[in-house]
Structures are given as C-alpha cells and as structure tokens.
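The listed protein sequences correspond, in order, to chains A and B. Take the first sequence: its position 51, counting from 1, is numbered 51 in this note's numbering, and each next residue is one higher. So this note's numbering is basically just the index in the second sequence, starting at one, shifted up by 1000.
There could be a bad hint or two in this list.
To be clear about the criterion: a stretch of chain A counts as covered by chain B if any three or more of its residues have a C-beta under 8 Å from a C-beta of chain B, and this derived list gives those stretches [claimed, not checked]:
1) 75 to 88
2) 101 to 107
Partner residues are not named here, just some residues of chain B that face chain A (Cβ under 8 Å, in silico) [unchecked claim]:
3) Val1023
4) Asn1024
5) Ser1029
6) Thr1032
7) Tyr1034
8) Ser1046
9) Ala1049
10) Ile1050
11) Glu1054
12) Ser1057
13) Gly1063
14) Tyr1101
15) Thr1102
16) Ser1103
17) Leu1105
18) Ala1129
If you are wondering where the hints come from, they were derived from the structure by calculation, not from laboratory data. Positions of the beta carbon are idealized from the N, C-alpha and C atoms, including for glycine.
Listed below are the residues making up each chain.
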Amino acid sequence: MATIINADTSDGLKLTSDTSGQIDFQSAGSTKATIDTSGNLKFNSGFGSVGTAYGVRAWVNIDGVGTVGINASGNVSSITDVGTGAYRVNFTNAMPDTNFVISVTTRVHSYDRTQITARTTTSCDLGGFALGGSGADYDPVNVIVVR
Amino acid sequence: MAITLDGTTGITTADIAATTLTVNAGFGSNATAYGVRAWVNFNGTSTVAIRDSENVSSITDNGTGDYTVNFTNSMPDINYVTNAFAAFNNHVGGNGCLGFYTSNLTTTSARGVVARSFNNTAIDATHLALSIVR
Chain A
1 MATIINADTS DGLKLTSDTS GQIDFQSAGS TKATIDTSGN LKFNSGFGSV
51 GTAYGVRAWV NIDGVGTVGI NASGNVSSIT DVGTGAYRVN FTNAMPDTNF
101 VISVTTRVHS YDRTQITART TTSCDLGGFA LGGSGADYDP VNVIVVR
Chain B
1001 MAITLDGTTG ITTADIAATT LTVNAGFGSN ATAYGVRAWV NFNGTSTVAI
1051 RDSENVSSIT DNGTGDYTVN FTNSMPDINY VTNAFAAFNN HVGGNGCLGF
1101 YTSNLTTTSA RGVVARSFNN TAIDATHLAL SIVR
C-alpha cells in the first residue's frame, strides 16, 4: 500500500532537518538519494553508489542559419547573432562566476570547428568555422553549460 | 504547488508544479538544474561495443564513422542538445582528437553521429562519447 502525502494547496509540503542534518530518501532499508547540508543532491542512477550530481545550468539548441532562432532551451533568454557563424548565448539567470564549462557540438559540414570566444556571468560567445577559419552557420548548434 | 525540501542550507525548492529541480551543488545558490537524459561511451571500431551507458539501448553501425545511438526511453521531441567527443588511438601523435558531429538523423528515439579525422575523412574511433540534455 503506497503512502501518499498531499501538499497543502497554499503552502505546499516541507521536509526539514536541523542545522546539522541531511535528508535521506530510503527504500528497502538503504539510502537511495540524499540532500546534504551543502545543498548537494546525491543519487545513484547507475553510478554505482549515491554520489553528487552536478547541474546543467543552461542549454540551447540554436538554429543558426538565416535569422537566428532557438529550437529549444533552458535558462537561455535569447541568442544574439554577432556575425556569420558567431552567436552570443544570453542567460536568463546569471552564472555565479565565469568558470562554467561550455560544450558546443555542430552538425557535420566540412571540416568544421567550434570555439568559445568570450564569456561573462550573463552570456557566452561562441562560433563555428570551417577549414581556413571562415565563419559558418549551422542548424543545430548544441550548447551545454555545466556549473 | 511548490514543494519545499529544507536541509537548512540544502535544497530549498523542488518546484514540482513547474517541473523544475532547483539545487545548489557548488553553484553558489539554489538554481535550476537540467537533466542529462542519456549518455554513452562506446568503441566504434570493428564490432561496435558499448563500454557503459544510461538510457541507450544500442548503437547501430551505419558504416565507417557513422553511428546511430538508440535511446531506451524516447525524448519528448527532437530539440534536445547533443554533446559529442571522439578520440582515435592510431593518429599521428598518439591519442589524437578528431571531429565528432551530429548527422542529419534526429528523432525522438535515436540520434545520428559521425566521426571525422583531421583530413575530414570518415573514420572509426576507439573512444566515442555522447550525452543528451533536454
């Protein structure tokens, strides 16, 4: 018999611990997921043990051909077209610093490469270019930001 | 309706109603974290072999340097993002990097990827890594 806890319609549901505690989610007598006091979310999901998972803080699938558009995204407010094969990804909510990790992957074209040219807490500039260094537009341009 | 989990300084909001997960995990404050929905590490030479993966049922070998990554559970649409990286053991200079790109194949249940050498020829690579975010 499953136990169902209904959140209050106005105040929701709160699970709390004291100042030194963490919250464990247990099943069959063992912890399956944890929220520790530093705000780390830990789970297994094939990792082999309950470990901290870090967040993808922004992602965007860019249609960079013609008028630049967003096919889909998370935490990205807009894309600025700053030249052929050059895009600025603007974040909805800023990063805490500029040390975030960016991954860019394009569709195969002709010996293409990508690069990151600038970054701030609110945006990052990236580009795609073909052999010889000339800019090239793509659809899609896959961008993932981890922090 | 928001559900709050409060480990004092831990996660303070998991907004179920908005289907977002908000977590700190070194970010500096509680902020939305998006999910890696599938990943795979595979050997693309000879008989293609998956070293390890999550939410990937199989790899289809379509020819030299041409693969289809098949998902166990489908994506909600085709607008997910793909991160791909490849390495080739026998390139001059040792374990050289080469291009690993998405192909025209994009469906909710599979993603096509192609590997290229430094001279832009299709090539089978020993270490191919791909992750999907949505």
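Verification of the supplied hints:
1. 75 to 88: violated (count 1)
2. 101 to 107: holds (count 4)
3. Val1023: Cβ of Val1023 (chain B) sits 5 Å from chain A, so the hint holds.
4. Asn1024: Cβ of Asn1024 (chain B) sits 3 Å from chain A, so the hint holds.
5. Ser1029: holds (7 Å)
6. Thr1032: holds (6 Å)
7. Tyr1034: Check passed: Cβ of Tyr1034 (chain B) comes within 4 Å of chain A, closer than 8 Å.
8. Ser1046: violated (22 Å)
9. Ala1049: violated (18 Å)
10. Ile1050: Ile1050 (chain B) check fails; min Cβ-Cβ to chain A is 13 Å, beyond 8 Å.
11. Glu1054: Holds: closest Cβ of chain A sits about 5 Å from Glu1054 (chain B), inside 8 Å.
12. Ser1057: violated (14 Å)
13. Gly1063: Gly1063 (chain B) check fails; min Cβ-Cβ to chain A is 14 Å, beyond 8 Å.
14. Tyr1101: holds (4 Å)
15. Thr1102: holds (5 Å)
16. Ser1103: holds (6 Å)
17. Leu1105: The hint is violated - Leu1105 (chain B) has no Cβ within 8 Å of chain A, the shortest such distance being about 10 Å.
18. Ala1129: violated (11 Å)
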